[in-house]
Structure formats: structure tokens, C-alpha cells
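Student: Sequence:
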Amino acid sequence: MTAHLKGSYPADEPACSIERSLQILGERWTFLILREIFRGRHKFAEIRDALGIAPNLLSARLKTLIGAGVLRTLTYREPGSRQRESYHLTEAGADLQVVLGALQQWGDVHRARSAGPSALRRARSTGEPVRVAFVDSAGQEVAGADVHLDIRP
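At position 127 of the sequence shown (counting the first as 1) the number is 159 in my numbering, and the numbers step up by one without a gap.
Keep in mind the hints are simulated off the structure, nothing from the lab.
It is possible that some hints are incorrect.
Claimed, not checked - Mimicking DMTMM-like on lysine to aspartate or glutamate, the simulated pairs with C-alpha atoms at most 25 Å apart in a straight line are:
1) Lys-95 x Glu-68
2) Lys-95 x Glu-78
3) Lys-95 x Glu-51
4) Lys-95 x Glu-123
5) Lys-95 x Asp-127
6) Lys-95 x Glu-45
Required output: the full structure, derived from the provided sequences and hints.
Tutor: If you want it as C-alpha cells, here you go:
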């Protein structure tokens, strides 16, 4: 799958941005791989070992994410080893942090563990807890029940 420029989708592309996003992101392992990269794991073996994912599945997911412009590769070589690639977020990939945060927040509320959340979201600058929310153009939080999806033709 190749990355597309904004507004350059073929006529047969789904009109719904959720559907287009799921074409790239809609596989279980994808968000788990992204979680590990957000945590600072960039090497294939680090991601594979952290997730317990089969190498062929990890390779396929990484290839999809690179092709979609979510990840980019950098070449590195450890002493005595062959050249390898590490995986890093692009701007599009970094923008998925809010999506991962929303999934985690939903899970913390609706699929809560008795031991509590496995991670907390905090502002780096203040250490204060943060949450994912709808925010209007004035920066005010808007309740989900007050958000209307305006469908466009």
C-alpha cells in the first residue's frame, strides 16, 4: 500500500476516513506495534520480543506502516553485526498518539482491571494527569454526547 497525498485518493477509495484509516490500522497487531515504538523500542527484535509476535506477522505489519507513511526506517549497525533497520514514527505516526491514548482511556474505563491501569497519561511539563477529549476551537472540552457528526456528501 502506498502513501497518498491529501485529496489524491482514487475514485474507488472509501469516502469515510474511518474506513480508509482501518485499511492501514485495522489489524490487532498494528496498534500494539505502534505502542512499542512509542515506548522507545525501535529494533525489530525489541518489538518482536516485547509482543511475542511471529516474525512474519511483524514484518508484514511494519511493511504496511512504512508503505502508508506511518513509519520510516533508519539504518544502523551494531559492532560485529550486519546492517539493519530501525523503525521510527513519521509525523503521521506521531499523530496516532492521541488515538492510542483514546483506546487506552476507553479500556481503563470500560475494560478496567482490578489492579488498575497499566499506565497513566501525564503531561511531561507538569506531571499532571491528562485525558483525551473533544475540544472546540476555543480550547474548551466538549462532552461526547454534545458532539454531532456532520456527514458530508
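Student: All hints, please: hold or fail.
Tutor: Checked hints:
1. Lys-95 x Glu-68: 16 Å, holds
2. Lys-95 x Glu-78: Holds. Lys-95 to Glu-78 sits at ~17 Å (cutoff 25 Å).
3. Lys-95 x Glu-51: 20 Å, holds
4. Lys-95 x Glu-123: Satisfied, since the Cα-Cα distance of roughly 17 Å is no more than 25 Å.
5. Lys-95 x Asp-127: 19 Å, holds
6. Lys-95 x Glu-45: Measuring from Cα to Cα gives roughly 20 Å; hence the hint holds.
Violation of the numbered hints given earlier is absent; every hint is satisfied by the structure.
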